[in-house]
Amino acid sequence: MKTDIRDKEKNIIERKNKNKFKDNKLSKTLLPMLVPIGMIFFSFFVGAIIMLIFGYDPIQAYVSLIRGAFVGNFNITQTLLNSVPLIFTGLAVAFAFRCGLFNIGAEGQLYLGSLASTYIATAIILPAILHVPLILIAGALAGGLWAFLPGILKAKTGSHEVITTMMMSWIGVFLSSYIIRNILKDPRTDLPVSKTIYKSAELIKIDKILPIPALKGTRLHIGFFIAILTALLIWYILKKTTIGYEVRAVGFNPYASEYAGISIGKNIILALFISGMLAGLAGSVEIAGLHHKLWDRYSAMYGFTGIAVALLAKNNPIGVIFAAILFGATQAGGKSMQLDANVPVDMTDILEGIVIFAVAAEEIIKMFIRAREKRRLAQIGTT
Amino acid sequence: MENLIKQREILKLENITKAFPGVLANDRININLLEGEIHAILGENGAGKTTLMNILYGLYNADEGKIYLDGTPIEIHSPKDAINKGIGMVHQHFMLILQLTIMENIILGKETAKGGILDMNSAEKVVKQYSEKFGLHVNPKAKIMDTSVGIQQRVEILKALYHGANILVLDEPTSVLTPQEVVELFKVIKSLTAKGMSVFFITHKLEEVVAISDRVTVVRDGRVVDTRKTKDTNKVELARMMVGRDVVLTVTKDKVEKGDVVLNIKNLEALDYRNLRAINGVNIQVREGEIVGIAGVAGNGQAELEEVLSGLRKAHKGNIYFKDKDITHISTRDRLRMGISHISQDRLGRGLIVDFNITENIILGDHDRKPYANGLILNFTSILNETEKLIGEFDIRTPSPFLPVHSLSGGNQQKLIVAREFNREPDLLIANQPTRGLDVGAIEFVHNQLLKFRREKKAILLISLELEEIMSLSDRILVIYEGEIIKEFKSSEATKELVGYYMMGGEKKKINHEEMRA
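Here the protein sequences line up with chains A and B, keeping their order.
Per the numbering used here, the first sequence starts with residue 33, numbered consecutively.
Per the numbering used here, the second sequence starts with residue -7, numbered consecutively.
Honestly, the hints are just simulated from the structure, not real lab data.
30 Å max Cα-Cα, derived DSBU-like pairs, lysine-lysine:
1. 245/B with 449/B
2. 272/A with 362/B
3. 298/A with 317/B
4. 306/B with 298/A
5. 258/B with 479/B
6. 306/B with 188/A
7. 298/A with 309/B
As the structure is a prediction and not an experimental result, all values here were calculated from the model.
Next comes chain A alone, as it looks inside the complex:
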């Protein structure tokens, strides 16, 4: 009996160790993905219950949602177009998270990026090869500046970035309203919109460079590829460079980082600056790729949805791409859900909300497990 327990225990330990250290690439890449996918299914299940309660047909709703998001060239490109700004804002939030910072002001940084890009794109004419990079750089720098200030404040005075990025965000939103209506305004109309940008500042449509018949006539632009390349770049920076190493070190344990000669303040400022640059790029790419003019309050809360994207992606830059496409798809599909199944489009907001809850709940459960683990280790004295 007693030896049984010991043997069983040993077996469990051995099995655990084997699983833990087996260099199985497949399980390494698949396992972390399974959890979010489960979360999404769970959220749709809860969403179905809610629809039933309110007298809608969830099956019809989901069928039309999926059709609206993925069936047909137009729908697919709409999903991908929606995902472009979300990839950028998701990366912005995720990068700051890796440094232990919660940048909830991506919305304002996005508007600053839009403003700077629109200004460069309407004020000067340059060859496209110069003009496009210039407006992207200008947008990134403007967004970066908007997050840099909270970074300075946090590093120098300790003021909390949740407060400061949020306040800066609203300043950014209303500042851009003012500038659009008074400085960049298109004089030919009374609407709150800027002049149209020069052709040389536009991002090329994909159907112009890739002879894919399915994309013919769609609005999908190379901003989608820029977003994916940016995600890869951020992954590389975090994983393979000293910059990313320091940012993560400070995020995990600022005290140990400081003790090893890593400047906490420098990394806070840098992480928020890069975060803001990414959010600013979201604005630049939207203007140069899709809208070609800056409408007042045009952003469909991309900055805030970016928080949900980062959460669902567990702050993994590659995961951000998929999470952004998912949110882009529910937004694209939501419209056809309303048309075909008569389910209000607000249902997509509810679904997004449930996804966030599910992700947060998982973190809470993990926190409990970790706390229990810690207590256990403390009791047997191995910590």
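The hints should help you fit chain B onto chain A, whose structure is shown.
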């Protein structure tokens, strides 16, 4: 204790087994406690001592096994059960409410009351009565936060007695005490057993077992190695039983020629976080091939001294010279680069990033220079090579270099830190409590590394609360008290009593007391 055989068996733990996921913490443990005896339970960290006592105290339920009190089997499911059965426990970390007075803490849970109203007068009376009966003198009306650690421990013991304990479990009770306080504690324990109390004394320190216990049970890897009468055994044998191999208990220091002054601290002053003076005009010199030990009771400026030296805290006044260069205002990073390594007392807080894996912790601090990085790009081949080399050299036990550091044992975590800090090839090492919380085997390892470093004619400033450690390693011993170095000893002149006397303030304290009276 000639009549041990005649003593009544008051408590028996039979076949106690407790498994946690991944660990069998207690494996069929049998221990009995005789009336009026001091029974030491000796084992390394993680051997399962504390788990066993937590089962006895009802914090855990055993998977298997029985507990007998006076020969009858009993069930203990909560600390309340244990207290009702007369079992009291004093934890390593005290469970006192700082804002309340001593008597309020003692009566908590079994308050003296008249018709629902607290009766503090009789509380005071009862507390005084208990403290006189057992020779545990305290001021019932003092607030806990104004009392010393030694007094707080007394309060914990009094609390257990007040709640009716006749079996007392003391979990590593000396780890927070000064040598003098330890002597006091031992007197108290002996007077308790003289009055018929029985005591389980949990420790990993051999000297304490020999000094105080009647019998000793050695625990290793969750199992009982043996139970002996203390007078029939000795330290060497106990150490072997505890670690499972021969352990060299006394370090042998080679004679090393002292060279130039490496660290020169002149009139250093520093403030603590409340902006009060924590270090007050300190002068310290450390030479090549020398270990200088800073002895003192915790909270006398050691933490601040470490921080000022590593560049995390500003010097208020004075200067720090490293090889004749003034480094007082130089950043932590630059000090590391100049050849100053440090081992923090706070292993998990300062020393490691526990969510990082071993390779990432090995490069911490050197991550942005060769061979770990080319410019901004990390070089994973040389990072892995270097890590594997160090894992071998410093015997870090791990199944993989990519294991997060929080899943290593304390000893292996410390080995990792030592490996990293020595691998920087420094000329000066500042070690603050480098063996804190480690077991005998790991302590031996760290001490040998420090001595090897000294043989290589490097300088070490060793700050420690463990007087034994200071005495056995240092060439010179400086005693720090209230932020001042109040006494210097050559290692040959120092005795435990003498150093302990100065740790408590020595003459300085006497003068202060007289001033206060006048």
